[in-house]
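Visitor: All chains should be modelled from the sequences, with the hints used to inform the complete structure.
Protein chains in written order, with our numbering: chain A, 4 to 628; chain B, 4 to 628.
Note that these hints are calculated values from the structure, not bench results. Fair warning: there could be bad hints in the mix.
Copies of the same chain look alike in the list, so a pair counts if it fits in one copy or across any two.
Unchecked claim - In silico DSBU-like cross-links for lysine-lysine, where the CA-CA straight-line distance does not exceed 35 Å: (1) 67 <-> 319; (2) 247 <-> 143; (3) 247 <-> 266; (4) 65 <-> 143.
The structure presented is a predicted model; accordingly, all values stated were derived computationally and were not measured.
The primary structure of each chain is shown beneath.
Protein chains: 2
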Amino acid sequence: MTVTETLATTDLEFARQLGQQLRVDSIRCSTAAGSGHPTSSMSAADLIAVLIARYLQYDWAKPKDPNNDHLIYSKGHASPLCYAMFKAAGAITDAEMMTFRKFGSRLQGHPTPVIPWVDVATGSLGQGLPISVGVALAGKNLDKLPYHVWTLCGDSELAEGSIWEAFDKAGHYQLSNLTAILDINRLGQRGETEYGWTLDVYRRRVEAFGCFPIVIDGHDVTAIDRAYGQALSATGKPTVIIAKTIKGKGFSEIENKEGWHGKTLPPDMAERAIKELGGIRHLKVKTAKPEATPRGPKRIEVAPVVTLPVYKPEDKVATRKAYGDALLALGAIPDVVAMDGEVSNSTHADEFAKAYPDRFFEMWIAEQQLVATAVGMSVRGYKPFASTFAAFFSRAYDFIRMAGISEANIRLVGSHAGVEIGQDGPSQMALEDLAMLRAVHGSTVLYPCDANQTAKLVAEMADRDGIVYMRTTRAATPVVYGAGEEFPIGGSRVLREGDDLAVVAAGITLHESLKAAEQLADEGIEARVIDLYSVKPVDAETLRAAAEATGGRILTVEDHWPEGGIGDAVLEALSDGETPARVVRLAVREMPGSGKPAELLAAAGIDAEHIAAAARSLVGSTVSA
Amino acid sequence: MTVTETLATTDLEFARQLGQQLRVDSIRCSTAAGSGHPTSSMSAADLIAVLIARYLQYDWAKPKDPNNDHLIYSKGHASPLCYAMFKAAGAITDAEMMTFRKFGSRLQGHPTPVIPWVDVATGSLGQGLPISVGVALAGKNLDKLPYHVWTLCGDSELAEGSIWEAFDKAGHYQLSNLTAILDINRLGQRGETEYGWTLDVYRRRVEAFGCFPIVIDGHDVTAIDRAYGQALSATGKPTVIIAKTIKGKGFSEIENKEGWHGKTLPPDMAERAIKELGGIRHLKVKTAKPEATPRGPKRIEVAPVVTLPVYKPEDKVATRKAYGDALLALGAIPDVVAMDGEVSNSTHADEFAKAYPDRFFEMWIAEQQLVATAVGMSVRGYKPFASTFAAFFSRAYDFIRMAGISEANIRLVGSHAGVEIGQDGPSQMALEDLAMLRAVHGSTVLYPCDANQTAKLVAEMADRDGIVYMRTTRAATPVVYGAGEEFPIGGSRVLREGDDLAVVAAGITLHESLKAAEQLADEGIEARVIDLYSVKPVDAETLRAAAEATGGRILTVEDHWPEGGIGDAVLEALSDGETPARVVRLAVREMPGSGKPAELLAAAGIDAEHIAAAARSLVGSTVSA
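Guide: Right, here's the structure in full:
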């Protein structure tokens, strides 16, 4: 390494040598692991080498420095390159690098934020760029800091619609602080990509989406260097560097050859490759630290005063309206930000948008980018609330799943749930959202029934970590709780006492259950009514006590398919069998059509009449306990 | 109506009058319903009028005629226009049109296939066009029939990434039999769209995505007419008509005004509007019937001979490999088609692709389009099998949800499920797919554990209606069943008898459960092992019998989050409380990392050791029955 020892680490020749080192290390760690993507790392090695040696501003010792640039591997399978980069930066040792993909190592198959220098989990393609848009949007519009967001994308992932949602929003919001680096190595997992090396296809698309394309040879360090320089000179647009690269670059036996995706080199081959690449190096790159710019508009240090809305018992208020009101109140907290999918006048996020236009982000009808923006803002420490119709979060389920792996702290609020929405029909009815959100690691699922409860839960959401979901209702419903009451997450409320059976409901069906309980009381049947506003975590204790008191007669009622929602949450809570129970689950079992909300609730068998009927039948039965 | 009575229905003046009628009827039916989207219908009325009067080839009396064109309302909220069109075509009466959105009417808020002239449910924006791509692909590559696919899109939905997946695939596959009609009325739900009337943005994007754009005034019937003519003259590309339109066109009080999305006109206003639009008309359009072209390559009439693969008991075979083998065998059925998201060498769909390249469709990494293509082919009566990693179906959940509403018959096969995949880490591990797919109306969820079982189930999938999902496993696992055995959907298999407890598992955990049962037997504990290969519908009878026989001691084991999967399916089956049970649910409860499959199964507490330990503890306990 005598040549490089005499080089300043900012010299291009150093970057060239560094690129070779990154290749060698990508091979070494993946061959040691016996799995991984060395060839996909080798194609992008020069792009990363020039970046970290000459452009990236990052203090590896202080990954939380707010002035740091962000570098996101949207092509998460280039993890060997990412970890080789950490070694070159001195963030990890060579020995740790060699633990790649081993059990217990933080250097997993795809990067996750268990590593301090990783912002978000990637590996589901087409997500790193949309999240980068969220980070860049925070940088430009909220932090107002000069950090730059660099995102390495593969070419296969350019087929994902989410990538074009991201380019679109990057262009629309003129995110000149974002540079996407497209590693066009021509080969996907199972052969040539859709457009191979036809770089012009990408150039024209990127340009049409409002971004500034630069086409280069991705192995020409001078060209790379010039492109990054251009990217940093304000164009008023995001830059997209379209780099023609060679998969497996640097090792002649596999360069540009099919059949080498996600395959490691056998030891003998690795040895030849390392030799051809100039042997093992231990160059240390001195990444420039960010200038200690003062943070933009200083955040308010005094504790913000949040005055939640209050609703009178005689009022009828939709929980989605209460969400809007409460979000507006939370606006007093400077870290609270909101985004919506062009339905803010329905979700009522528009109240916040009008009061705090600088902290509201319109994502139009692009739900993947909606959730990705929330994740990006979570990376920057904000408290994002993202809203759309509950049904349309299903569009972003992969992003929500990955946000769980990313340890992101995001709040999702879905309005217009269930058949209760009425005339619009099944396409607009969320009937699977509780199942979908419960099955996310560490998630919280809330489903309030009245306005005061909603306001309190929205306030709790602001302080809750993880993926926190709230389901709201379209129609105005009676206010059943006083404004002073508390609703801890994980709790429930017994709204009516009774020992003949327990009716467990939440949201719209809670009101139907209360009506049913009135009817039943007239007939001498005392129904306990439990408001399960916290669907996850669930209040197992109260449910078990109810089973105990009622001889195990439990009736669950939900405006949701029978699978995965409230009924299942209750069954899980009672699964230990300590208190045997017969759980009758009322849910939507046939495909609904259009009609008035009351007609559809009746047709689905989840209105007061059907609840009362099911209760009568359940009370008449014996639980074989 | 004296003017129009003298007009041939193919005259442009007739089309102009028809457009006015469609507007009037859109107002009439939505005002009567008190809900709906008249203004979004009025903007597209001239586009539809010219189409049905002069270009569409469709026999309204024979909606199943294979030669019919397809007309899909991707902007499903223009349902008043759609139903007004049905009236003009004589498909429904004026009286039925006026039942719009009423309970029991087939004319729902958004079109669904309960109506014979509707191919698929729309209303979740950005889906009609991707599905149209699937239909057009079938027309060009499978049916080889001259029918044309016409798709009406709104401008707000152009923000959805799925639209760009669709344009991309339409361009890539040169679907000149597809015409997208973009109704650019400038106004979305809550104000101006992202690009308003900047038509050039759309033109450049569409062109960059390989389609042929035509920009017109969407109220100039001559221009519309010319554009449709151009669309039908083979350009070798799909045509995209970018029509500048006015929301609420024809009624001066609301034309191009904000605040009128999804709002109906009050009766007095409707009266003024109808007057301004020239009053109520009852023009009948004579849509041209398709020429009775002989169907393309005649489908084979003799019953196809499917020879399923068989595997020997001593073999170790991955269920994903068995899927590939079985799909190849099903290739003998000419209606079976397959598509994959650029991972066919992992899902093993590549075996089919090689043998039947004409019936295999590469969708690259665009899972929304992957599922949409399957739905489109289902519209044409094919039997599609779509495959990718199980985790990545979460990208298309909204499409799967809508496919359920569309009554589509599609088969989804997800490989690489759970922590068992090992080194690649959590981004590639499906841990929510069972929950996600169970919560789809009328779905079937299968999870085989061995190769012979997989082959049999794949064959059953071909004949199964609805959304049919199969989860396959990455690793080669022992063949536990003979090749002659049958596995009816809805059934289960007791692989080992025992009355001390029942262990319920499927897929990878079934093998761990068998190992555990061996260990337990050595200790004198007899575990009944149930293979729950049909997770939905579930074999409740066998589960109840197991609870009965084991004193209610049930242990479920799944490579999935604890919510919504096998554990919940079992709890549901036992929910009637007839046989009290203590159900201990082993599942993945902490975020996994990378490692060897065995290490990760152990870390998640779902390997043989943990199963045995949980079994011991369960057997030691008493169920308070």
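Visitor: A separate judgement is required for each hint: does it hold in the structure or not?
Guide: Here is how each hint holds up against the structure:
In this homomeric assembly, residue 67 and residue 319 never come within 35 Å of each other (Cα to Cα): the closest approach is 46 Å inside a single copy and 48 Å across copies. Taking the shortest alpha-carbon separations for residue 247 and residue 143, both the intra-copy value of 30 Å and the inter-copy value of 33 Å come in at or below 35 Å. Taking CA atoms no more than 35 Å apart as the test, residue 247 paired with residue 266 passes inside one copy only; the shortest distance there is 21 Å, against 51 Å between copies. Only within a single protomer do residue 65 and residue 143 lie at most 35 Å apart by alpha-carbon distance; the minimum there is 22 Å, versus 57 Å between protomers.
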